[in-house]
Amino acid sequence: MRRLLPAAAVAAALALAVTGCGDGSGDAGPAPAGSAAPAEVSGTVTWWDTSDATTEGPAFQEIVKGFEAAYPNIKVNYVNVPFADARDKFKTAAQSGSGAPDVLRTDVGWVAEFASLGYLAPLDGTTAVDKPEELLPVPAASARFGGKTYGVPQVTDTLGLLYNKELLKKAGYDEPPATMADLKKVALDVKSKTGAGGIALNVDAYFLLPFIYGEGGDFVDVQNKKITISSPQSVAGVRIVEDLITSGAAVKPALQDSYTNAQTAFKDGKVAMIFNGPWSNADNLGGKVFKDNPDNFGVAPVPAGSAKAGSPLGGHDYTVYAGSKNLEASYLFVRYMASAESQAKIAGKLGLLPTRTPAYSAPEATANPKIAQWQKPMETAVERPWIPEAASLFQPLVEGYQKLAGGQTSTEPMLKDVATAYQGILKGWSL
Amino acid sequence: MTADVVVTRRAAPLSGARRLLSRHWYAWAMTAPVVVVTLVLVGYPLVRGIYLSLTDATEGNMGRTIGMNVIPSTYEFVGLGNYASILTSPEFLGRLTWTVVWTVVCVALHVGIGLGLALLLNRPMRLRSLYRILLVLPWAVPAFVSAFIWRYLLNGEFGVVNAMLRAAGFAGVAWLDDPFWAKVSVIACNVWLGVPFMMLALLGGLQAISRELYEAAEVDGASPWRRFRHITLPGLRPVSSTVVLLGTIWTFNQFPVIFLLTRGGPGGATEILVTYAYRQAFEGIRNYSGSAAWGMVILALLVVLATVYRRALRRQGEAW
Amino acid sequence: MVSRAARAGAWSRDRRTPGRSIALHLTLVAASVVSVFPVAWLVLTSLKPRAVIETASVAPVDHPTLANYTQVLGETRFLTWAANSVVVSLITAVLGVLLSATTGYAVSRFRFPGFRSVMWMLLVTQMFPVAILIVPIYNLMAGLGLINQFPSLVIAYLTSAVPFCAWMMKGYFDTVPVTIDEAGRVDGLTPFGTFWRLILPLSKPGLAVAAFYSFITAWAEVAYATAFMTGDDKYTLAVGLSQFVGQHKAEWGLLTAASVLIAVPAAAVFLLVQRHLVTGLTAGATKA
Numbered sequence: 001m002r003r004l005l006p007a008a009a010v011a012a013a014l015a016l017a018v019t020g021c022g023d024g025s026g027d028a029g030p031a032p033a034g035s036a037a038p039a040e041v042s043g044t045v046t047w048w049d050t051s052d053a054t055t056e057g058p059a060f061q062e063i064v065k066g067f068e069a070a071y072p073n074i075k076v077n078y079v080n081v082p083f084a085d086a087r088d089k090f091k092t093a094a095q096s097g098s099g100a101p102d103v104l105r106t107d108v109g110w111v112a113e114f115a116s117l118g119y120l121a122p123l124d125g126t127t128a129v130d131k132p133e134e135l136l137p138v139p140a141a142s143a144r145f146g147g148k149t150y151g152v153p154q155v156t157d158t159l160g161l162l163y164n165k166e167l168l169k170k171a172g173y174d175e176p177p178a179t180m181a182d183l184k185k186v187a188l189d190v191k192s193k194t195g196a197g198g199i200a201l202n203v204d205a206y207f208l209l210p211f212i213y214g215e216g217g218d219f220v221d222v223q224n225k226k227i228t229i230s231s232p233q234s235v236a237g238v239r240i241v242e243d244l245i246t247s248g249a250a251v252k253p254a255l256q257d258s259y260t261n262a263q264t265a266f267k268d269g270k271v272a273m274i275f276n277g278p279w280s281n282a283d284n285l286g287g288k289v290f291k292d293n294p295d296n297f298g299v300a301p302v303p304a305g306s307a308k309a310g311s312p313l314g315g316h317d318y319t320v321y322a323g324s325k326n327l328e329a330s331y332l333f334v335r336y337m338a339s340a341e342s343q344a345k346i347a348g349k350l351g352l353l354p355t356r357t358p359a360y361s362a363p364e365a366t367a368n369p370k371i372a373q374w375q376k377p378m379e380t381a382v383e384r385p386w387i388p389e390a391a392s393l394f395q396p397l398v399e400g401y402q403k404l405a406g407g408q409t410s411t412e413p414m415l416k417d418v419a420t421a422y423q424g425i426l427k428g429w430s431l
Numbered sequence: 001m002t003a004d005v006v007v008t009r010r011a012a013p014l015s016g017a018r019r020l021l022s023r024h025w026y027a028w029a030m031t032a033p034v035v036v037v038t039l040v041l042v043g044y045p046l047v048r049g050i051y052l053s054l055t056d057a058t059e060g061n062m063g064r065t066i067g068m069n070v071i072p073s074t075y076e077f078v079g080l081g082n083y084a085s086i087l088t089s090p091e092f093l094g095r096l097t098w099t100v101v102w103t104v105v106c107v108a109l110h111v112g113i114g115l116g117l118a119l120l121l122n123r124p125m126r127l128r129s130l131y132r133i134l135l136v137l138p139w140a141v142p143a144f145v146s147a148f149i150w151r152y153l154l155n156g157e158f159g160v161v162n163a164m165l166r167a168a169g170f171a172g173v174a175w176l177d178d179p180f181w182a183k184v185s186v187i188a189c190n191v192w193l194g195v196p197f198m199m200l201a202l203l204g205g206l207q208a209i210s211r212e213l214y215e216a217a218e219v220d221g222a223s224p225w226r227r228f229r230h231i232t233l234p235g236l237r238p239v240s241s242t243v244v245l246l247g248t249i250w251t252f253n254q255f256p257v258i259f260l261l262t263r264g265g266p267g268g269a270t271e272i273l274v275t276y277a278y279r280q281a282f283e284g285i286r287n288y289s290g291s292a293a294w295g296m297v298i299l300a301l302l303v304v305l306a307t308v309y310r311r312a313l314r315r316q317g318e319a320w
Numbered sequence: 001m002v003s004r005a006a007r008a009g010a011w012s013r014d015r016r017t018p019g020r021s022i023a024l025h026l027t028l029v030a031a032s033v034v035s036v037f038p039v040a041w042l043v044l045t046s047l048k049p050r051a052v053i054e055t056a057s058v059a060p061v062d063h064p065t066l067a068n069y070t071q072v073l074g075e076t077r078f079l080t081w082a083a084n085s086v087v088v089s090l091i092t093a094v095l096g097v098l099l100s101a102t103t104g105y106a107v108s109r110f111r112f113p114g115f116r117s118v119m120w121m122l123l124v125t126q127m128f129p130v131a132i133l134i135v136p137i138y139n140l141m142a143g144l145g146l147i148n149q150f151p152s153l154v155i156a157y158l159t160s161a162v163p164f165c166a167w168m169m170k171g172y173f174d175t176v177p178v179t180i181d182e183a184g185r186v187d188g189l190t191p192f193g194t195f196w197r198l199i200l201p202l203s204k205p206g207l208a209v210a211a212f213y214s215f216i217t218a219w220a221e222v223a224y225a226t227a228f229m230t231g232d233d234k235y236t237l238a239v240g241l242s243q244f245v246g247q248h249k250a251e252w253g254l255l256t257a258a259s260v261l262i263a264v265p266a267a268a269v270f271l272l273v274q275r276h277l278v279t280g281l282t283a284g285a286t287k288a
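Residue numbers (this note's numbering), protein chains in the order written: chain Y, 1 to 431; chain P, 1 to 320; chain F, 1 to 288.
Derived by calculation from the structure, the hints in this document are not laboratory data. Accuracy of the hints is not assured; some may be wrong.
To be verified - Below, computed lysine to aspartate or glutamate pairings styled on DMTMM-like, alpha-carbon distance capped at 20 Å:
(1) Y:Lys226 x Y:Asp85
(2) Y:Lys288 x P:Glu157
(3) F:Lys249 x Y:Asp85
(4) Y:Lys252 x P:Asp178
(5) Y:Lys65 x F:Glu75
Small disclaimer: the values here were computed from a predicted structure and weren't measured.
Whenever a hint applies, use it, and build me the whole structure from the sequences.
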């Protein structure tokens, strides 16, 4: 699997910072290379933003204002659509040809599906795609489907191991565990020496992936059209989770509101470790044990399994609706919003990780310590299967994981059932 | 006294459309707006659904043109294939059983508790209208808000229900995480939501029962149970027959409670037919034919139920 | 729990022994607590600061604050959404009452060709699993050019509310003596005139239920509103509320405060009509 930010790329990013986007002032952004003169393009661009309306939305709206100032003939209609509704809402509108936005902030897992259904405009050769060589390769791959480019990455993320330094120290550890075996050991020591729990698990398929990747498994092998969720590697990965639960290294996970419960336990100091992404930074730092002592909060790459350390790539891409009546304006909008300058501003304000190397070293971005904090964990990011059916693959595994965590089944039969469900979803794929 | 005055006898065979029209145009005109809107808004999806359920149409193979993208129409007629695969799928029987259990338990508790409270509220006493307002409060709260409240109350770690149990010295219960307790929880939430409506409807029914009947029975020395059995229950039938039928239909298709409280979990334990069908239809690439077939199966089950129910009612002298 | 107390014949207060009276009130108090507690907890939670809500603390009152309310009202488009919800719900209620009353009257008074089909239609409409068939309905609205327009919501809500209300109104009209219709006819009124001038004024309780039911249906609906309203200036409260649930976390404080604000108007409408509700839902009880 490709790595997201190999050391060389990071070095290159630092070098580029000086030459690439040194000024970082809020000017009009890069001049587009397309045919139509940008000043002549007019129209209205409706953008569905799926970011958190209360905490993130305002920062994006500010970038939108910058765009409107730079392109006075284009009006932007900003609509915040809750993430949970966005996928269904967009698909319903897109298929009818009425009500869909011009530009959508699209989860990396949705791009292949939308593109395969004809909902997205191919962006190759349009003004939307600017300096593709700056893009980090793994997030960039999420925007491609069937040999064409359908999106421009906006932000990227992955899972890391978040830990409570004090609790680990009390248990006798100065460093977070680097391997899955250590994870269990540290968790059990925390439990016996501090009285707090070792690790809190979030019972969600996405959060199983670091364990599966660690042993060299995956949902599917796209190249060979093979379902690998019940392969020996995947089984070995999920066994680690089963063992964490049965051995007591993990606290008994909640199945409903699993994410919130795990977060609450971590923030209250009731458990020492958790897997989570950069989006949870602000949430964590507001917690009881971190509020007055932010240095107590540690971020590390996910522990490595016997094969490697790997965690799923997340994030969002800008995509353009194929039926848009304002394609030219939309392309310009995407170009501006996804530029290194815009990304650096977002990184600085919200701590969301940019997808362009120059943005990482822009002064606005480096001013936010979260960006540097997450650079190591991002190196473990693994490309997910960018196939149209990808979104369907989570539900069977969530149900299986819930049964496993509830003690109603064990790893192997559970994954066999999941594989059977996948055969129904992925017609013609082999086991 | 079912309105015999204006009731018209069936028109003679030869009497032609004009006569029918002149005789019935009032009734037709009064029902027309509802009939037209319903036919368009429900009839069109229904007919289209029947058609789609006989094909293999999905979001991917239905032809359309979106901007520069042209998707050819490649779906085919597959006969009853979708129905066969639904009815023979290993999931179907399990889901149907749980849906029936869910419906029967919920409706029984709605009616049982609703009737009990209605009987209590039907007596003159102090604070009666205050009780009535308090007891009906859950109905005034939108269902999605209620489901959200309950999820918060029942949270295993920081839910207040477990906190009270722990304070009283018991262990907390995995309300939403254990398959059995999750079923109990969704039923409890739905009962909480549905009792007020039943209670009010039955209270209305009770108030319409003539007091003279009770007085006469008391003079005859009939026991409270006999009076309940022979006056109250029959007197309630006109109301109860309708609300039980509607309650059953609504509960059978109660999407929000299940979906918002447990999302069908844990491990699919609380998934009823409607939420399961929704998942089948909308997860990933939308399966239009499959979801249509599911819709028809659910509709067919309910139509059968309503028909049987109506037959039973008619045998007891109810008519429409 | 009510078996002994459930003595339907006991309508006079003086005949009840003190013990029974206590049992009766205890039962009702217990039921009221169960009924009110979840809502009360919602209100209490909305008064807590965010940091407290997201911990394992379960004290009923903890650092009470109105911050959640000021944020919901001041920093979101809550008031726009509330106005949208009021408009949609009121139009739905008014049209719902009119449509269900005319239909209910027709099926109560006339036996016309198509009578049974209408009754079945009213029933089948409620059996329709809306969640699954939202796509064809959306396409229909798109064809009518109604996406992101309030009429699409009003029409959709009417199809859910009117069938029940018409059914219920039929039951209510059945209780209004037919002699009144006859008197109207003798005075030379058309069937419409009879309905409008004589029967409707007698049916206020039934109309109140129909209005309340239609209002609540529109006020509390989420699925159609989420799909049809594509601009956030057109969101209804139920859709707007979901903005407080992000991809990875929920703003419990804002959610609970907004929920309270959503529930209050519904409860207020309920208080206004609740006296009529009981009589209204009598729904055909005295039908011979």
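Structure-based check of all given hints:
{"no.": "1", "hint": "Y:Lys226 x Y:Asp85", "verdict": "31 Å, violated"}
{"no.": "2", "hint": "Y:Lys288 x P:Glu157", "verdict": "16 Å, holds"}
{"no.": "3", "hint": "F:Lys249 x Y:Asp85", "verdict": "14 Å, holds"}
{"no.": "4", "hint": "Y:Lys252 x P:Asp178", "verdict": "12 Å, holds"}
{"no.": "5", "hint": "Y:Lys65 x F:Glu75", "verdict": "19 Å, holds"}
Hint compliance for this structure: hint 1 is the single one not met.
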